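Trainee: Residue-level listing of the chains:
Protein chains: 2
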Amino acid sequence: MAQPEAKRQKTDTVYELLYWPGIPGRGEFVRLAFEVTGTPYKDVGNEEKDGASQVIKAVTEEVKDGNPPGYAPPALRVSGAGRDGKNLLIHQTPNILMYLGPKLGLVPDDEPGKLWVNELTLTALDLNNEAHDTHHPIGVTDYYEDQKDEALKKAKDFRETRIPKYFGYFEKVLKNNGEGKGQHLVDSSLTFADLAVFHVVDGLTFAFPKEIKARKKDYPLLFTKLYDGVNELESIKDYMNSDRRKPYSSGIFRQYPELDRQ
Amino acid sequence: MAQPEAKRQKTDTVYELLYWPGIPGRGEFVRLAFEVTGTPYKDVGNEEKDGASQVIKAVTEEVKDGNPPGYAPPALRVSGAGRDGKNLLIHQTPNILMYLGPKLGLVPDDEPGKLWVNELTLTALDLNNEAHDTHHPIGVTDYYEDQKDEALKKAKDFRETRIPKYFGYFEKVLKNNGEGKGQHLVDSSLTFADLAVFHVVDGLTFAFPKEIKARKKDYPLLFTKLYDGVNELESIKDYMNSDRRKPYSSGIFRQYPELDRQ
Numbered sequence: 001m002a003q004p005e006a007k008r009q010k011t012d013t014v015y016e017l018l019y020w021p022g023i024p025g026r027g028e029f030v031r032l033a034f035e036v037t038g039t040p041y042k043d044v045g046n047e048e049k050d051g052a053s054q055v056i057k058a059v060t061e062e063v064k065d066g067n068p069p070g071y072a073p074p075a076l077r078v079s080g081a082g083r084d085g086k087n088l089l090i091h092q093t094p095n096i097l098m099y100l101g102p103k104l105g106l107v108p109d110d111e112p113g114k115l116w117v118n119e120l121t122l123t124a125l126d127l128n129n130e131a132h133d134t135h136h137p138i139g140v141t142d143y144y145e146d147q148k149d150e151a152l153k154k155a156k157d158f159r160e161t162r163i164p165k166y167f168g169y170f171e172k173v174l175k176n177n178g179e180g181k182g183q184h185l186v187d188s189s190l191t192f193a194d195l196a197v198f199h200v201v202d203g204l205t206f207a208f209p210k211e212i213k214a215r216k217k218d219y220p221l222l223f224t225k226l227y228d229g230v231n232e233l234e235s236i237k238d239y240m241n242s243d244r245r246k247p248y249s250s251g252i253f254r255q256y257p258e259l260d261r262q
Numbered sequence: 001m002a003q004p005e006a007k008r009q010k011t012d013t014v015y016e017l018l019y020w021p022g023i024p025g026r027g028e029f030v031r032l033a034f035e036v037t038g039t040p041y042k043d044v045g046n047e048e049k050d051g052a053s054q055v056i057k058a059v060t061e062e063v064k065d066g067n068p069p070g071y072a073p074p075a076l077r078v079s080g081a082g083r084d085g086k087n088l089l090i091h092q093t094p095n096i097l098m099y100l101g102p103k104l105g106l107v108p109d110d111e112p113g114k115l116w117v118n119e120l121t122l123t124a125l126d127l128n129n130e131a132h133d134t135h136h137p138i139g140v141t142d143y144y145e146d147q148k149d150e151a152l153k154k155a156k157d158f159r160e161t162r163i164p165k166y167f168g169y170f171e172k173v174l175k176n177n178g179e180g181k182g183q184h185l186v187d188s189s190l191t192f193a194d195l196a197v198f199h200v201v202d203g204l205t206f207a208f209p210k211e212i213k214a215r216k217k218d219y220p221l222l223f224t225k226l227y228d229g230v231n232e233l234e235s236i237k238d239y240m241n242s243d244r245r246k247p248y249s250s251g252i253f254r255q256y257p258e259l260d261r262q
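Protein chains in written order, with full-length UniProt numbering: chain A, 1 to 262; chain B, 1 to 262.
Just so you know, these hints were derived from the structure itself, not from any lab. Only a predicted model underlies this, so the values are computations on that prediction, with no experimental measurement involved. Take the hints with a grain of salt, since some may be wrong.
No copy is singled out in the list; a pair is fine if it fits within one copy or between any two copies.
[As the list claims (entries may be wrong)] Keeping only pairs whose Cα atoms sit at most 27 angstroms apart, straight-line, the calculated DSS-like set for lysine-lysine is:
(1) 114 with 103
(2) 175 with 246
(3) 42 with 114
(4) 213 with 103
(5) 225 with 172
(6) 165 with 148
(7) 217 with 237
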């Protein structure tokens, strides 16, 4: 679905997100960066009739304009930003965010600040990957039902050791960054690291509602400052209420009650 | 262990790698970047008496000079490169490589080239993580012996579906980059993406010798051009023969014969 007409008219669309239609997935980290800054973009997988096949093409066949082939979605295509004015096509979620950061005003101006935002985002994405592995601990292309016994063990370890380790880490980073007043991981403004942590917390709250309910009081800055702070931004509220935001279903964050706290 | 005296004397050490002593691990990606370019560095974990405790401190307690806390090793400390001339401390392997790339001449000069090197490195590191998960599919802090049944299944899937998928991808990237003559993933010179792929192939060859022996003929550019090309560099030969290079043991790449092709 397209963005509001007002946004569309500001400039021609230059940013095209290539990601599977119908789920938040890894594309969501990129969508949030566009949405929170009101930046026009085209979500090709969801907006174009042949969206899914364009996504597949971008990560399998599309080797043109000098861009190397990609391994997996998401990809970002930027018209005219490549070599010799050709289209730029880049892959890997943290790479796309790092590219967009300065252009969308979602990183500090200096090199140390950019590096810190990048490292915190990479850690949030590691947690995202581990959340995926709770329902697919053995084979990524096999059915959940065929690895359910292992998933029960993996999810238990994830809930009991990994969630507290990561959440405790982000809480510590927030606490140590006095300037951020608990809302921001780096300095005093929103960065794509805040958005990445916001989205993983959101996804985990969907996937493991009982576990998160029991634990959230232990991480007050993470939940009531960072998470609520992003969630209450007008741009994010508009987005969450739009049909551009896809519901969680069979992607990274899945609600299998048997994997949650019993 | 220290570098040869000749290298040491060129400049004062400004780069300090903070990583667990005694194993290649994720620190190896950073070591290779220093070694191949003859850049002086201190491998704190291996060179200092209290190396291990300095590493732990850097990722737990050390919140100073404005640097955010880290989640896990490796970290890179660069004297005077932080804000207001303080020390810069950065975390996450791909973040460290991205920082060093332009400084060590291991990336193209332009933005597209840097982005491509970064995305390929991230994909090599994803493969590195999946290799780790073959022996720890359930709990990263639990013993291998307690998750051996699951490890047998995970390793089978990894050998049969993931290795060919990743190797096929890197082979395709090499093939598509005519300028690289099969040796380089991006353009015509060595980048840290080449080094990252080199190290993962090296580690997999140690961990799954039978599997790799059976498969390597399917990826001629990856093995005889990229891998052999890096392996035959004088700087790399010197390094591999030095005691700065640590043997694989109980790190990411482990030789459990039962996990290899039978």
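Trainee: Work down the list of hints and note, for each, if the structure agrees.
Mentor: Hints, verified against the model:
1. 114 with 103: Classified as both: same-chain Cα gap 12 angstroms, cross-chain 16 angstroms, threshold 27 angstroms.
2. 175 with 246: neither (32 angstroms within a copy, 37 angstroms between copies)
3. 42 with 114: both (26 angstroms within a copy, 24 angstroms between copies)
4. 213 with 103: neither (37 angstroms within a copy, 46 angstroms between copies)
5. 225 with 172: within (13 angstroms within a copy, 45 angstroms between copies)
6. 165 with 148: Both. Shortest intra-copy (24 angstroms) and inter-copy (24 angstroms) distances satisfy the 27 angstroms Cα cut-off.
7. 217 with 237: within (24 angstroms within a copy, 54 angstroms between copies)
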